[in-house]
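A.B. asks: Single-letter residue listing:
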Amino acid sequence: MRLLKDGDFIADHWVLADADWRTLPDTADIIVPFKVLLADWKALRARPGRLGVDFANVERAEALKTFIADLDLVAVVFPSFTDGRGFSLARALRRLGFAGELRATGNVLPDQLAFLIQVGFDAVATSPRFAPETWLKAAGAMSLAYQAAPDRRHVWRARHGGEEPWFEQPHAG
Amino acid sequence: MSVLETGSILTGNRLRDGAVVYLDRTGNWTMSIDTAAVALEKAAEAALIRHGEAAVRNNLVTEAYLVAVTRENGTVIPRDRRERIRHTGPTVVYRAGTPLLIAAE
Amino acid sequence: MYRYDEFDARFVADRAAQFRDQAERRLAGELTEDEFKPFRLMNGLYLQLHAYMLRVAIPYGTLSSRQMEKLAEIAERFDRGYGHFTTRQNIQYNWIKLDAAADILDALAEVDMHAIQTSGNCIRNVTTDHWAGAAVNELADPRPVAELLRQWSSLHPEFSFLPRKFKIAVTGAPADRAAVKVHDIGLRLHLNGSGERGWEVIVGGGQGRTPVIGITVRDFLPESELLGYLEAIMRVYNLHGRRDNKYKARIKILVRELGTEEFSRQVEEEYARQARPRAELDARELARIAAYFAPPAFEDLPRVSTTLENARLDNREFARWLKVNTAPHRQPGYAIVNISLKPAGGIPGDATADEMRAVAALARQFSFDELRVSHHQNLVLPHVKQDDLFAVWQALKDAGLATANVGLASDIIACPGLDYCALATARSIPVAQGLSRRFADLDRQQAIGPLRINISGCINACGHHHVGHIGILGLEKKGEEFYQITIGGSSSEDAAIGSIVGPGFAADEVPDAIERIVETYLELRLSPEETFIAAVKRLGSTPFKERLYATAEGR
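Chains as they are written, first to last, in our numbering: chain Z, 490 to 662; chain Y, 34 to 138; chain V, -10 to 544.
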């Protein structure tokens, strides 16, 4: 896996953990499954290290509402690249005010990268099946969008002026 | 005296142009159904399928599957109507003088 | 009609370039077929029985003469010289090569056209009334809203990987020519007492394996709220539509499983969660688009044209064509011309490149350069001066496009069926051809009156047989094709699903069966003014069943 974040490939410092997260150093940045988050919330929250959650695409964004202020990362899982729930989930999470790293994991193709960015993902756990250049090229495949988009790509904004309102921005804050 | 054989052939659509093709006895893909390799028993069918999977992996055809056929006097005919139409083309009769009628001839 | 600005043009150019790259990567093996397929479909490229088929979008069925000429050129350069106009106002080319598809998209982009989202699990072509902007009793032209929806739905990042396809139809007239009640979302325009515009939102209609009429979730949604509300519906569908079973994945299944109340509640809840900054932007864009749909520069003409009256009295053949193929226009002195693509024995909806060019020339000369594609696989010249109708008819006659059967028995709607389609169970075109030959006599067709016959070659119902006055469904039993007949369907504002009359028929028995149904109608109708569908509604299907099977062998 190569982590693509904000348009660059970077090293991934996050560690996938499970119910055994206490065995890891408390300064480690860990990603735990949602059920572990629910079970061990108080203790997880108290750790010095950053906290992320692995979020299945069948969950409702609202289920994370009370946790969002203390979460640094949400990883949304795409079980299949044809399963588009993750896109709506990401949009809903950003709308709830989540301002941390929103990471797409599982099965996504470079050809979906523009969509992922547009709904608010700022990180993608990319499959090594595709060359890094393919991923980098994919981000800019469409220079315009007909819906709210970052980077002033929104056609209607270009036509009528004005910035996307703060709460329409996928990556607010 | 003609012999009526029943067996299977392997077919698919060619990736680059969608043309209906059949695996022939030399391992190549052909539009000519009469030269298709006819598998008369299970082991031969399995070999056809393996060829098909390789062809898909090599991006020659989009998918490959077996079609039940009869062969008599060198003429191969699919038993299923859909596969017969796949081979012969649309059964509809076009109005005289249209480009399609000319193309079909 | 709408004209692309630099942004629209850049968008389709980008998309065409993106597809070229995707196709090259596929051919080089960098993408597997499973990976490529959804992206190929999102550009309208199917793999059918014989070749790839490309479905080009004709947004809300409106195109210019220049665009029609490009479609003709594409038919000749890249296909076998013809195209097929579909029941969703698009055009299909049947003999496309993958390695040429990108060139076709580039050619389309030259005239502001594309094949975006004409297939795949995304929002498809937004269809509308093919008489929009011309029909007499229209409240307002629905096409600005259709164009707004087209843009909003194009490469929507949330809704490009839905559980299944999604079809939206819009109408601005009380008479519904867009079949809004059998779409995933249907929108009907209403005006309130103060003349303000509001949209009735109908959800969960559809045909296919489980035909159903849609439910109304909002009676009068203010226009400024349209996109926000539609997004709420789409989000509920995207998150909760079934993904485990392809045959239960349409929104109509979700609506039925949740029930109307619960489905509405979920939509309203999602809608309430949205912040509302967008209404003003949407309104500005809609106003910008609406300017393109201002009526053309009509001349001030008398309601009745003496030129026309004289021609009518003078030429019986012209008089018949006038009566059957033209319709009144909202502008005095004008008329709507329907062009039949259903010559006797022909293939419904097919047009050669020459025919496309002939129609384009007529549009340029006589119809303010504008053409429409109807849901019945025919074409429309929407704004023709009555004074010009005789000249138009003569030109259509020369081009072989003057069959005076629009809306009558031989104006048959048929899907491509097993002759072309990889999904089909049975052939539909030969059945259509047989019926159209049997009912070719124009006098007889006029005596029968309005009669919609729809033929589908499988239960996916792309021929819309469920809403045909007479529907014919091609099936297979013991290796033989056989055809099930339904009657009483309707796609208009009084939408209804047809009911099966009984056991099916072999292909060569179908014309006789339809004859018997028609004869029953002619015997039992109260008067020639009572149409076939009205008689079926009054009598029910029993008298038709009884006579249809009275002398048939047991099956």
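Hints should not be assumed to be uniformly reliable.
Here chain Y is said to cover these stretches of chain V; the calculated rule only asks that three of the stretch's residues, wherever they fall, bring their Cβ under 8 Å from a Cβ of chain Y [unchecked claim]:
| id | region |
| --- | --- |
| 1 | 83 to 92 |
| 2 | 405 to 414 |
So, partial list: chain V residues that the calculated Cβ filter (under 7 Å) puts toward chain Y [unchecked claim]:
| id | residue |
| --- | --- |
| 3 | Y41 |
| 4 | A380 |
| 5 | L511 |
| 6 | E518 |
| 7 | L528 |
Derived from the structure by calculation, the hints contain no laboratory data.
Each residue gets a CB set at the ideal place from its N, CA and C atoms; glycine is no exception.
A.B. asks: Check each numbered hint from earlier against the structure, then list the numbers of those it violates in ascending order.
C.D. replies: Per hint list: 4, 5, 6 and 7 violated.
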